[in-house]
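**Student:** Here the protein sequences line up with chains A and B, keeping their order.
Numbers 1 to 651, taken from our numbering, label the letters of the first sequence in order.
Numbers 1001 to 1565, taken from our numbering, label the letters of the second sequence in order.
Please note that the accuracy of each hint is not assured.
[As the list claims (entries may be wrong)] Within a straight-line C-alpha distance of at most 30 angstroms, the following computed DSSO-like cross-link-like pairs (lysine-lysine) qualify:
| no. | chain 1 | residue 1 | chain 2 | residue 2 |
| --- | --- | --- | --- | --- |
| 1 | B | 1317 | A | 118 |
| 2 | A | 118 | B | 1141 |
| 3 | B | 1141 | A | 315 |
| 4 | B | 1048 | A | 363 |
| 5 | B | 1068 | A | 363 |
| 6 | B | 1213 | A | 315 |
| 7 | A | 605 | B | 1489 |
[What the hints assert, rightly or not] Listed next, with one range per pair, are the computed distances between beta-carbon atoms:
| no. | chain 1 | residue 1 | chain 2 | residue 2 | range |
| --- | --- | --- | --- | --- | --- |
| 8 | A | 586 | B | 1150 | 28 to 34 angstroms |
| 9 | A | 511 | B | 1409 | 42 to 48 angstroms |
| 10 | B | 1151 | A | 228 | 41 to 47 angstroms |
| 11 | B | 1535 | A | 464 | 46 to 52 angstroms |
| 12 | A | 81 | B | 1151 | 33 to 39 angstroms |
| 13 | A | 583 | B | 1405 | 47 to 53 angstroms |
Hints in this document: simulated from the structure, not taken from any laboratory.
Please read these numbers as outputs of a predicted model, since none were measured by experiment.
Note that the Cβ used here is the ideal one computed from N, Cα and C, for glycine as well.
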Amino acid sequence: MSFASNTYRSRFLVGALALAIAALVGVAFVFIARPAPADEPDEPPAPTSSREEAARRVQERADAAAANREPYRAVGGPKDPKVPVRWNRFYDYAEMTEILKKLAAAYPEIVKLESIAKTHGGHDLWVVTITNHQDGVPELHKSAMWIDGGLHPNETQVTEIVLYSIWYLAEMYSISPEIKRMVDERVFYLAPMMNPDSREAHFYQPNNRHKPRGGMRPVDDDGDGLFDEDGFDDLDGDGHITVMRVADENGTHLPHPKFPRLMIEAKPGQKGTYRMVGEEGIDNDGDGEINEDGDGYYDTNRLWPWLWEPEYVQKGGYWYPFSVHEVRVFGDFLMAHPNISGSQNYHNTGGLIVRGPAAAIDKFQKADIAIYDRLAKQGERMLPGYKYISQSNSLYESYGETITWRYQMLGHVSLLNETFAPFNFFGTTDAGYIMPRPIIVHEFDKYLLFDDAFSDWQEIDHPQFGKVEVGGLRKNFGRQPPSFMMEETCHRNMAFTLYHADQMPKVSVQSIDVAQVEGELYQVTAVVENDRIIPTRLAVDVRRNISPPDVVSIERAAAEPAAGEAKQDGAGQAAESGPQADDSFRVITALVSDSAWFPEPRDVKRNPQAVEIATLGGNSVKYVRWLVEGAGPYRVSIKSTKGGRDSQVSE
Amino acid sequence: MLAGSMFAVDSAAEAAQPLEGYDNYEAFRARVEELNQSELITATSLAKTLEGRDVMLLTVGTGEVHQKPALVVVGNVEAAQLFGTHLALGIAKRFAQQADQEKVHDLLDRYTIYIIPRPSPDAAEKCFATPRRRPVGNARKTDDDRDHQFGEDPPEDLNGDGAITLMRVADETGPLRSHPDDPRVMFAADRTKGESGQWRTYVEGIDNDKDGKFNEDAGDGVAFNRNFTFRYRYFSAGAGPHQVSEIETRAIADFLFERTNVAAVFAFTPDDNLRHTWTTGKNPRNIPVHIDADDLRYVSVLGKQYRQRHGGQEFPKAAAGSGSFSEWVYYHYGRWSLASPGWWIPQTDAPAAEADATADHNGNGNEPSKTPSYENRGADDINALNFLAAHDIDGFVDWTPIEHPDFPGQRVEVGGFLPLVRDNPPAAQFEELAEHHYHFLVDVLGKMPQLAIQEAEVAALGGGVFRVEATAINRGFLPTSSVIGYRSKLAQRVQIALDLPEGAALIRGPQRRRLPRLAGSGGTATHSWLFRADSDLPAGVRVRAWTPVVGEDEVELQLEEAATE
């Protein structure tokens, strides 16, 4: 707590609230000339302060503040981060790598940086692991949140959102007790740039805002035996692929009367002055088509195993799930971490919080949808203008995308944020659904961006079309927030994802009650709890047996546990080592119930010392009662793949 | 020590003796190496499996093999059907040996044959393990019953005969009864006929993990024939963690996708589309799950050809595969897919009564039934027993009582067909079967599409302007691709192009264009170009048509002649 920040409160102390405030602020009394005596509550303090005394007090405060100068922070962020980063701009691969390395070096106790593979283009695929690496708890014993960005590499800002999240957790760990708690309780796996090759291409090669959407491995898109032979051509040399128009008195389009750079369709009966002739490019390979085989193409978000369909059913499906190395290594990572019980897959654009299923033939378990609903409702509050939807109902259908795979095959609550909403332009709901109306974009460009987002029409010579004008929205706008909105986009999305992470299951042994039945026969009743919204195993997990059931086990505590050791890491070790051979201790029965009164409890016939629980629901408890031979103390442990571990020793 | 253990294996094999004359991996590699000596055959490894075995590819052909349209032959798609390896190698051998015949020589001039005789060698090698057991998948340790323990309850060889067969427990609540004509055989009791059960069967073994289930998790690995993407069955035993998850599956899929010259794939597999063709039907949404009607007509013709060549009797229709290789070839690889088990147990009459009339299969001294019962149930098993008897194969373990720790005091017997004897023919039949299939594949190559430029004309229009008109024709039997291959673009489409000399300018193009699918037996497509040449008239232009799955043709056209007409 800071003294300086409390001094302003002394002014109130002269009032009738003096005592109540005094009790609240406590230490602030240091700076009060005369605290109100407790036995004279009704007497107002006398106004004795002279001008000199007041001046002296001001000076004293200034001296004290100078001696222990706390930064005046804007709340919710660090003022002097160890790794200063500007959050109103985009970062390329080298810049991001440098930031990651600095963070890992500055905060080795919580930030670990690892390259899980090299890409086709020779870049590292970075995964950052954030948790308290010094608490001695194995990573897989804590429930984990996977957060990724750049699966579609053209969707630029998502990398910054993930990068910001890494930076924020690291920098705020020592400032915010709440952030510290989250980091200590969980593991965060963060992959800020899943397609570095293509992000580089998007940044530094001519492209539009939609490309490249997959990886850079060459693919023969048009089936002519040639690879990537007819991509975009930057005809006006501005680094942006825009669109082409030809002046034509029998045209179909004409300039918008208010924003003349915007082309609009001629109304029926009206003659246009231009004809639109597609995206900037020429027929490079002489097959009569323009730009039909550019970089890639496979869609890195159509290559996941659940309900995958091939290229001809859905563009981007390529050969088979995980047929691209860069996707497979991420899949392998996720499959190798069954402790992941929540994930966020950032995209742009539209302002959506999306859950699966992505295909209409698919379905989610009702009980699980209720969990999604609870989380996303909060998300809609935290992300103004964002709408929570199910993909197949409200967006478009797709097959083999990652978030449905994560739910259906890995059994965790996975969400996808389509970051940046049309609502964000003017704070109005009339700006369009998912894609902003062009007129809104042009108005925004004119009044808030001072014409920075549009590449103006320029005449060039086109080998197929003759004189052509090239112009349109630049690649860095239309899906991405502008500079001044970047940090807010990062923070709000991160905050919602942290909320999601905080609601992942967390198991604990709440209490152990021991009663002697007769002689050596004891009844031990344990209450185990999951105090978060998400169950330890979702309905889909239980149905398909994706992760093992939770196990609540009892054993005789070998020796007096050292103070404090009982709660945390003892859990794992005790459970791993298994029950000790101990002739004087035997578990006779185990009963499980949802109620403290054990009405019609489940009678555990096999292995009663290690009771399997199919799932521990959100914000709920289970009661386990053993009859054992042999006096305590007993150690009760709970082990959950997705909800962490805990153990406690009875009194 | 070594000699002793070998002796133990030998004695077990003597009792069982299935797969006599079959190649284990070592013998298989030796046989491949032998074939590799041929000038026409090149053996390469597509991948090393989990256990370090090679997934072998034999490329049969001459010259620029990858530039010619190719036929792929895959043997042993199902691990238990080991004979597929022998037939695939027999086919390779025949192409190499008969290459001096004019017909075969011509075929190898035009086509390449890729042969993958043993796609999942780790799985195949399990055929030779002791105790012998019908293998499912490769060496990956799996959790077949999804209880998060891997291979915790495998079968055991309780009677010590070196093979895992069945065990049956006498139980009136069981689902099975003994057959009146042959007590070795059981069939399902029909409660509506007042039949109570007599037996309950399990795979031979004990309940290792005491969960009340027997041998429910042998950790049987991932099956090549269930690991492909079409109709993949998620979370099922043998299917793997996801589609194309295994080294060998991926290696073979990658190889095939890279080889754009592949036109058709023949597989020895339980899935069949030559005797029982796939069916057409309405596809859900835009996802094909039924064969296209036009494609079916062509496959049916090939199926008829297959039946003639093979000469075998009908056999039961194969159940629709899930994640199977041959369906994948058609639906997700876009090529002609031809699938057949290659061999099955034919209808065999009971051997004529021998002089020894008291002979009894079960050796328990009972008189054999005097009159047949006309009981149809169990007919398949009785036919298999007849077949084994006719070929003098010791393929059935007579039911013999054992003491079973999980069924104390109950009558438990171990017995049944030996593993693999019903999946594989006697080795003596390899040559004949390989010969049949070789001839069929020669027939298939004879029915491949034949791309040619039927007509190409150049007309001088004056002012240095010329029109070229060319027609591509398919003179072969099969269309230039299947409908699904065309739609998916997985099989490259036919392209036609006009190669212009320097200085000529195209007026109407494009210079190169993809053509529609050309039907078999004379399907055509025409394309024309207009161009203007310099005053310095070039000698000629060239029209080319090609696709790697079919081949190519080209025609040179003289401009001068045209100009003077």
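**Student:** State for each hint whether it applies.
**Tutor:** Structure-based check of each hint:
1. B:1317 <-> A:118: With Cα atoms ~48 angstroms apart, residue 1317 (chain B) and residue 118 (chain A) exceed 30 angstroms; violated.
2. A:118 <-> B:1141: Cα-Cα ~28 angstroms, so holds.
3. B:1141 <-> A:315: Violated, at roughly 35 angstroms.
4. B:1048 <-> A:363: The given pair, whose Cα atoms are some 39 angstroms apart, is violated under the 30 angstroms limit.
5. B:1068 <-> A:363: Status violated; Cα separation ~46 angstroms.
6. B:1213 <-> A:315: Given that 30 angstroms is the threshold and the Cα spacing comes to 45 angstroms, the pair is violated.
7. A:605 <-> B:1489: Violated. Residue 605 (chain A) to residue 1489 (chain B) sits at ~58 angstroms, over the 30 angstroms cutoff.
8. A:586 <-> B:1150: 28 to 34 angstroms: 29 angstroms, holds
9. A:511 <-> B:1409: 42 to 48 angstroms: Given about 47 angstroms between the Cβ atoms, the range holds.
10. B:1151 <-> A:228: 41 to 47 angstroms: 46 angstroms, holds
11. B:1535 <-> A:464: 46 to 52 angstroms: Given about 25 angstroms between the Cβ atoms, the range is violated.
12. A:81 <-> B:1151: 33 to 39 angstroms: 51 angstroms, violated
13. A:583 <-> B:1405: 47 to 53 angstroms: 25 angstroms Cβ-Cβ, so the 47 to 53 angstroms window is violated.
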